[in-house]
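A.B. asks: What follows is each chain in one-letter form.
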Amino acid sequence: MRSQFAIIAPAAAWRTVTKQMRVHSDSLAVKTSGKGTYEITDEIQDKIDKSGVRNGTVTVFVQHTSCSLTAMENAAPAARRDLEKFFDELVPEDQDFEHNDEGSDDMPSHIRMALTRTSETIPIVDGKMQLGTWQGIFLFEHRRDSHRRKIALTIMGE
Amino acid sequence: MRSQFAIIAPAAAWRTVTKQMRVHSDSLAVKTSGKGTYEITDEIQDKIDKSGVRNGTVTVFVQHTSCSLTAMENAAPAARRDLEKFFDELVPEDQDFEHNDEGSDDMPSHIRMALTRTSETIPIVDGKMQLGTWQGIFLFEHRRDSHRRKIALTIMGE
Amino acid sequence: MRSQFAIIAPAAAWRTVTKQMRVHSDSLAVKTSGKGTYEITDEIQDKIDKSGVRNGTVTVFVQHTSCSLTAMENAAPAARRDLEKFFDELVPEDQDFEHNDEGSDDMPSHIRMALTRTSETIPIVDGKMQLGTWQGIFLFEHRRDSHRRKIALTIMGE
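Chains as they are written, first to last, in the numbering used here: chain A, 245 to 402; chain B, 245 to 402; chain C, 245 to 402.
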């Protein structure tokens, strides 16, 4: 496939930094009120600002198996509704699951988690997450009830 | 969506460390005996213990394209059986694939890998992976035959 | 499940390095010409070579919500065609989406992104990405039109 497309490396974009490295461990708690996507982009950036890390990465890790992470369009709420509807239909609740201790949304929530992400690692340059223009980071809640969701963050770099 | 939920940052949870950073490169080999999920949580934690890294991240990377990683409920085996059954039905073997050099489970195994994860990065605080109470890390084997699967680990921090 | 398989940790494979750590921030731009998988393995390795990092990780992050990343078999093009066909059928374009500002491939591209990956973190040992023999890293383009896709890279280690 190499010949079918061109890879362009912007000339002036790279840099190497060898200053003092640091590790900043932090966490977020998000109160959810039912299934859906909850944007946490600004809250992650606030933690980066506080950490003092200018170049490196932030690792975002959801400490649950019935919710997950997704990067997504953050300008159009309709796009998120379509995404949520797709997952509702791909993993319907009216299946005959062996594991259903906590109701019909129990097992589907684990499967939707496995199909999306538990961790996401995002580059930081000049103190800012390197997201695209319309790109946000979202907690994807798969349970109907309200929950307090914990997210561990590690911000590492110089 | 910002107004529909509250984000709570626990007050005393964060910290910044600027001690000597280190990189610990390691690996695991897992013998699998057919399709299913194989827990590797304790083995990863053992490697962290050995590394001496107290705060940072562990990156877990599967060096194959016919098995993958998933975080999952580790208390209820039934939940894992439901997960495995879902993937069997979502990516059935009796499709007319162009690529089937190694049998009917060849191509479905690549697709199930793409739908789950190849790498997972997990925060470490005070020497411990920051997993939720019921959260484990699993190798997700998609092939029927026995295999020896290699997982590369990088433990980085102070 | 612990008793059903053996975990073997290769005896001589691990090492800890405490030399000077560094952060190398870089980027790639990929010109795509329609839906499909575009290999970027060599381009990422070139950036690692340039960075001087010998042991650590590279984080690959796609700055878009209508394309994504996947690790995949890089020897058999047929396997990639089957993968692409599967996603075309799993997320068909002829659905009644609420969000379709940019045509029938708009919303399916976001869903296919959410089902695959936005970030991938790969261990580096002795200056080389620790990929399996047939494992490559691919940009997975989900839009029909040509696009210039940006990928942020962070190479961190010693």
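Check before you lean on any hint, since a few could be wrong.
Copies of the same chain are indistinguishable here, so a pair counts whether it falls within one copy or spans any two.
[Claimed, not checked] In silico DMTMM-like links for lysine to aspartate or glutamate, alpha-carbon gap of 20 angstroms or less:
1. 394 to 370
2. 329 to 342
3. 329 to 345
4. 294 to 338
5. 279 to 402
6. 372 to 287
7. 372 to 345
8. 372 to 290
9. 372 to 402
10. 329 to 349
11. 279 to 342
12. 294 to 346
13. 372 to 342
Quick caveat, the hints were computed from the structure, so don't treat them as lab data.
Since the model is a prediction, treat every value here as computed from it, not as a measurement.
A.B. asks: All the hints need checking, so say for each whether the structure fits it.
C.D. replies: Results for each hint:
{"no.": "1", "hint": "394 to 370", "result": "between (27 angstroms within a copy, 18 angstroms between copies)"}
{"no.": "2", "hint": "329 to 342", "result": "between (24 angstroms within a copy, 10 angstroms between copies)"}
{"no.": "3", "hint": "329 to 345", "result": "between (24 angstroms within a copy, 18 angstroms between copies)"}
{"no.": "4", "hint": "294 to 338", "result": "neither (45 angstroms within a copy, 46 angstroms between copies)"}
{"no.": "5", "hint": "279 to 402", "result": "neither (37 angstroms within a copy, 38 angstroms between copies)"}
{"no.": "6", "hint": "372 to 287", "result": "within (12 angstroms within a copy, 24 angstroms between copies)"}
{"no.": "7", "hint": "372 to 345", "result": "neither (42 angstroms within a copy, 29 angstroms between copies)"}
{"no.": "8", "hint": "372 to 290", "result": "within (10 angstroms within a copy, 25 angstroms between copies)"}
{"no.": "9", "hint": "372 to 402", "result": "within (13 angstroms within a copy, 23 angstroms between copies)"}
{"no.": "10", "hint": "329 to 349", "result": "both (14 angstroms within a copy, 17 angstroms between copies)"}
{"no.": "11", "hint": "279 to 342", "result": "between (22 angstroms within a copy, 18 angstroms between copies)"}
{"no.": "12", "hint": "294 to 346", "result": "neither (38 angstroms within a copy, 38 angstroms between copies)"}
{"no.": "13", "hint": "372 to 342", "result": "neither (45 angstroms within a copy, 32 angstroms between copies)"}
Figure legend: structure checked against the earlier numbered hints; hints not met, in rising order: 4, 5, 7, 12 and 13.
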